[in-house]
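**Q** Fit chains W, H, Z, E and R to the known structure of chain B by using the hints.
6 protein chains.
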Amino acid sequence: MARIDGREANELRKVKITRNYLKYAEGSVLIDVGDTRVLCAATIEDKVPPFLKGTGEGWVTAEYSLLPRSTQVRNIREASKGKQSGRTHEIQRLIGRSLRSVVDLKALGERTIWVDCDVIQADGGTRTAAITGAFVALVDAVNSLWTDNSKPFPVKDFLAAVSVGLLPEGVELDLCYAEDCTAIVDMNLVMTGNGQFVEVQGTGEKSPFSKEHLAEMLAVGQEGIEVLFNFQKDALGQLVWKVGREG
Amino acid sequence: MARIDGREANELRKVKITRNYLKYAEGSVLIDVGDTRVLCAATIEDKVPPFLKGTGEGWVTAEYSLLPRSTQVRNIREASKGKQSGRTHEIQRLIGRSLRSVVDLKALGERTIWVDCDVIQADGGTRTAAITGAFVALVDAVNSLWTDNSKPFPVKDFLAAVSVGLLPEGVELDLCYAEDCTAIVDMNLVMTGNGQFVEVQGTGEKSPFSKEHLAEMLAVGQEGIEVLFNFQKDALGQLVWKVGREG
Amino acid sequence: MARIDGREANELRKVKITRNYLKYAEGSVLIDVGDTRVLCAATIEDKVPPFLKGTGEGWVTAEYSLLPRSTQVRNIREASKGKQSGRTHEIQRLIGRSLRSVVDLKALGERTIWVDCDVIQADGGTRTAAITGAFVALVDAVNSLWTDNSKPFPVKDFLAAVSVGLLPEGVELDLCYAEDCTAIVDMNLVMTGNGQFVEVQGTGEKSPFSKEHLAEMLAVGQEGIEVLFNFQKDALGQLVWKVGREG
Amino acid sequence: MARIDGREANELRKVKITRNYLKYAEGSVLIDVGDTRVLCAATIEDKVPPFLKGTGEGWVTAEYSLLPRSTQVRNIREASKGKQSGRTHEIQRLIGRSLRSVVDLKALGERTIWVDCDVIQADGGTRTAAITGAFVALVDAVNSLWTDNSKPFPVKDFLAAVSVGLLPEGVELDLCYAEDCTAIVDMNLVMTGNGQFVEVQGTGEKSPFSKEHLAEMLAVGQEGIEVLFNFQKDALGQLVWKVGREG
Amino acid sequence: MARIDGREANELRKVKITRNYLKYAEGSVLIDVGDTRVLCAATIEDKVPPFLKGTGEGWVTAEYSLLPRSTQVRNIREASKGKQSGRTHEIQRLIGRSLRSVVDLKALGERTIWVDCDVIQADGGTRTAAITGAFVALVDAVNSLWTDNSKPFPVKDFLAAVSVGLLPEGVELDLCYAEDCTAIVDMNLVMTGNGQFVEVQGTGEKSPFSKEHLAEMLAVGQEGIEVLFNFQKDALGQLVWKVGREG
Amino acid sequence: MARIDGREANELRKVKITRNYLKYAEGSVLIDVGDTRVLCAATIEDKVPPFLKGTGEGWVTAEYSLLPRSTQVRNIREASKGKQSGRTHEIQRLIGRSLRSVVDLKALGERTIWVDCDVIQADGGTRTAAITGAFVALVDAVNSLWTDNSKPFPVKDFLAAVSVGLLPEGVELDLCYAEDCTAIVDMNLVMTGNGQFVEVQGTGEKSPFSKEHLAEMLAVGQEGIEVLFNFQKDALGQLVWKVGREG
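Chains as they are written, first to last, in UniProt numbering: chain B, 1 to 247; chain W, 1 to 247; chain H, 1 to 247; chain Z, 1 to 247; chain E, 1 to 247; chain R, 1 to 247.
Just to be clear, a hint being listed does not mean it is correct.
Any copy, or any two copies together, can satisfy a pair, since identical chains are not distinguished.
[Said to hold, decoys possible] As a list, the in silico EDC-like pairs of lysine to aspartate or glutamate whose alpha-carbon atoms are at most 20 angstroms apart:
#1 106 with 57
#2 14 with 226
#3 206 with 110
#4 156 with 199
#5 211 with 223
#6 156 with 246
#7 242 with 90
#8 23 with 180
#9 156 with 32
#10 47 with 57
#11 14 with 205
#12 211 with 157
#13 211 with 199
#14 47 with 8
#15 206 with 157
#16 151 with 35
#17 16 with 104
#18 211 with 226
#19 156 with 104
#20 233 with 223
#21 83 with 180
#22 156 with 205
#23 81 with 216
Don't read these hints as lab results, they were simulated from the structure.
Chain B on its own, in the form it takes in the complex (with noise of 0.2 angstroms):
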């Protein structure tokens, strides 16, 4: 009954997150999540996309990609296949969707956050590995342009990710790539730090599934996200009092 690594079903991999590991970037972390690591990295630009060219907002986008041995089996380097997979898509996707819900993009003003997250490992949970750690990157690349602190600080609220499923043995917190393997259902959870959702993933495929599994792994998946908050607050110090600050 136990899990593969020994963990309760309701527990986290060990996380790491460790901030500027970059020397250029704006803000940059790389987070361990069991043996997941993602390098994620926050770039300021100033101009937007066109069709927010004199509305005085802001934009966040993401962009996402597996090192060609990040996995099991090298998986071949998009660049030199030419385009980027379905899957790529989906995830950077996800990711900038989910970090701009935190960020008021008017106070932001007309500038972009690139947020570059690239998968060192890949061991399960490599999006919202993604997201936990992109969120720290960002905080830091706004920060270096809030030195001001009248001013309301353009990140409203803390934000994580984790994936929850349910496997035959019951639902299970953050999957590693052995247990998604075997998952019935897989889905991930985004949420805000006063609790709320921003995104709520959950896909059968190997078989549908109930409205009270459906409550159970959104009950779990909360749990964990609450543990993630404060690894993300250790993480940030004394930068922890300005998310949501309203200047």
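**A** Chains W, H, Z, E and R only, in chain B's frame:
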């Protein structure tokens, strides 16, 4: 408080399913949901993707496209841009995954069913209309192969999809484009005939949402999907009894 | 000696032109020629290609596509291959060039009319059906701008197209796909309302052809095009008198 | 009334055909028609496209390209744009189709002949010069395989092409670029040695044209093509008698 | 006269080689040379490119990429541009060629070793750091196959690379990015353990250079490479004796 | 011991430089080096790449291509593959960089010179022949702008290139293709008229090489380049005195 087109909060738009719209396809459906019109064609191919060769199992995959002038402003043809957008990838992955959830791929045998969903006119809810219509085309395509009634029919259950949103006025079913633009939360639900979930995708880009709103959206969505099953059954006529039949 | 579908040698298939098939396009037509069905949409854009900027002249351009299951065997979506075939390029160049021949680009002013021809079902003669249908959509699109009847109308004359072929049984009009496959010579004719040629494209891939056969094909084709003008006029109703009007 | 370069209305530009221009190709020709210069190379490959495998039949296919500085204004290299233009596709399809019309593909056997037409300098009429030159290269390439004179030679007849146009001054043969720019109608003719048509392509982009002008262009074009056959025969020398030989 | 970071003219930056950085790769190294950090992963695949099939010989090939925020200004991801730059092609060809020079491809047998070099942080000398690190990853990957010590080990000799430049202040070893920008001549050297050259690439874009400067750069570079061999040997530990072993 | 074509070890193949081969280009050269034949065209464009806008400086850039049948076995056209190979990128970067080393980009002003090198026939040494020929085309193109002799001429010195290799028989100059295939070391040298190096690129793919062999190759290569300068000067005639002229 009334909706833009006078509907009740939990009321679907007018649905019409035209079977066998195309001459050559093994299964084809033109589905209208309000002013949204999608052409769904199912094609049977006698081979499978490399990862299934020799396993005896089949595959179901989908492609999705907006015709250039299905939208209010002409959208550039992806064939002439030379690549499909992230949105297209995301939607066609959703359609394929959803359909596979009700197909017994082993019973299907080493065949691929290609499901093409081409949007003729887009007024919100194109991906859910595509799933609802594609299911009917899929049944027809499978039926063209399954003449021997003693063998179990590989489509195990009904499948339909609907959108539901949280608007400033409250939770509403089956959003048209104008409503979609003002929605705070946008959710797509895919369910099976026995009342279980296949996909739950809720996104709060404008604002995160509470557990209570989530529950309300799930309830209203399920109600709508049950009505859609009736439209599918009317369209399928005598084929209804084949779905889920074990031989 | 009778044709595969019982027609006379110089007889068109059944033609049906449905105007305003789409809700958003400035002009749109669904044209059926036998089992060939093409959706033609005309869009007005308030800019011109770089080579026309500042000249005061407008432009008309066309795009053409086969839906994947318009054909007997599913054809791979060009958007997913990432490029358009040589056949597609050739056809869309032909459609654009033909339409431009009856438009007064100076009178149109610095605007582009995009004409999208998407083949829903293909049973031979898709490019000629596209031209015949697109002409009607074009008139509607231009009419949406030309409310002031004192200004000359920029569509100068009617335009229609037909295929004609040399088969073992002799010259035949408006080939269906099965006939097209056995044709020795394949010719496409585009003509204007005043009986002049815009395009004459005859190809003898199976065998070269004589001057006499060329003359016969031109005669039979012209006969067919005159019938097509009547279908266009019926469809256009009161707009007929605008075509060629000098203000 | 005289033409820009002093020619008569029905006079070709100076033609020069240099055989065996390249060291490695099975057949190669450098053809000059006035200032238009095209390098044609024919390559024999011992396989056929998938649709011909196992049929015993061969194939002839062509590729066409403008060198970047063949034109007055440098044209961007298609290899660096990453795709071939519609014009290139249209021309290479025409060249391939034309050459196939005089080749007995059954007699050729399961081989492909690749014909590369690279325009060194472009002064109008590049596609017709390419066809006229490519024919000679094709004969040389086939001859390199056909050492046994008792077998029928798979090139059945001569083939050449010319442009003819309707200008304000009347019908003129073999237009140079400056003439091409002022032409009302532009026609390309491809004919066989026995005086039959392979391709008739007339386009009236500036204005439609009458049956009488069509007849005049066909007559003047045929006259020009007969002169081109003489240049081909001079170039081929003793190989002339092989063309059309039945073994 | 001192260098920007206080080094001597012939002094390397700080080097650190971390073996087995990745969990799944057959060989992997994280190499730091000053602030330049490259992740090198070696993967063994049991097939070879078409030109080697059936020859009994193996192949070594490399891919190189800059992570978007490895650089001072974010560089656009090649996967999202859809093609690799000329610079990327040039560098990955250099890495592959260099590694092959010390591998006995016959002894390797029909296998491909893929070497992925992903630059995490770029402060000059990324291609030479990639070669130096990739060599160690390659030895580990080969070692994972070569358990039988009686067979000759297919890596024949050590291999390392360094940059050396001619600056206004004179010849300097191992340029950081700021130095690289002011270099008159930029040279990359790849050498084997026995003191021979594999690649000598010197480029004088700002100004050509004399035979004397060339000789000085070669000498200083060789000195630096000998130090790099020591770092590789320290990292490889007991594997050192396998390199060049004849069984 | 004699070379395959009877040359001495330090003997160039037969060189022929034909100036003004093209009608439209500002400068053009057809260069033959043995059986290698390259067409070099220089085009002047009145704008510069974005990174130079407003700096007052110009740019020189090169493109390189093999015609499909320049080689023994037909090589697939890069325009039809949709991308340029790594080899092409590497060569065109080398050509551009080399030419820029002898051009005073400030004196050139905000203009780009495009140098197109298209290989008509390839028998080894195409990149070095391209550089040697392109230099002459470049001088002609610059001269077309520099009519006022009181202004310094922006081409500062002569530039030529040659290959030299280490073969089993010893060091040999200007390898033909057959020699290139057996070379142990392949080196390309680019030098200026005053005897300095612009590029030194030596590659020992078959085997590494010693300092002594490097010195010998440099000496033999320099000897060959001095002969090439004479061919360039003969071709340029009276323009020779302009090169390096300071006004």
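**Q** Now tell me, hint by hint, if it's right for this structure.
**A** Against the structure, the hints come out as follows:
no., hint, verdict
1, 106 with 57, "within (4 angstroms within a copy, 40 angstroms between copies)"
2, 14 with 226, "within (15 angstroms within a copy, 41 angstroms between copies)"
3, 206 with 110, "between (44 angstroms within a copy, 18 angstroms between copies)"
4, 156 with 199, "within (17 angstroms within a copy, 29 angstroms between copies)"
5, 211 with 223, "both (19 angstroms within a copy, 14 angstroms between copies)"
6, 156 with 246, "within (8 angstroms within a copy, 54 angstroms between copies)"
7, 242 with 90, "neither (31 angstroms within a copy, 35 angstroms between copies)"
8, 23 with 180, "between (34 angstroms within a copy, 18 angstroms between copies)"
9, 156 with 32, "neither (25 angstroms within a copy, 37 angstroms between copies)"
10, 47 with 57, "within (10 angstroms within a copy, 27 angstroms between copies)"
11, 14 with 205, "neither (28 angstroms within a copy, 30 angstroms between copies)"
12, 211 with 157, "between (29 angstroms within a copy, 18 angstroms between copies)"
13, 211 with 199, "both (17 angstroms within a copy, 12 angstroms between copies)"
14, 47 with 8, "neither (47 angstroms within a copy, 42 angstroms between copies)"
15, 206 with 157, "between (35 angstroms within a copy, 14 angstroms between copies)"
16, 151 with 35, "neither (39 angstroms within a copy, 35 angstroms between copies)"
17, 16 with 104, "neither (28 angstroms within a copy, 42 angstroms between copies)"
18, 211 with 226, "between (23 angstroms within a copy, 15 angstroms between copies)"
19, 156 with 104, "within (7 angstroms within a copy, 46 angstroms between copies)"
20, 233 with 223, "within (16 angstroms within a copy, 42 angstroms between copies)"
21, 83 with 180, "neither (26 angstroms within a copy, 30 angstroms between copies)"
22, 156 with 205, "between (35 angstroms within a copy, 13 angstroms between copies)"
23, 81 with 216, "neither (41 angstroms within a copy, 42 angstroms between copies)"
Going down the numbered hints, you'll see the structure goes against 7, 9, 11, 14, 16, 17, 21, 23, while the others check out.
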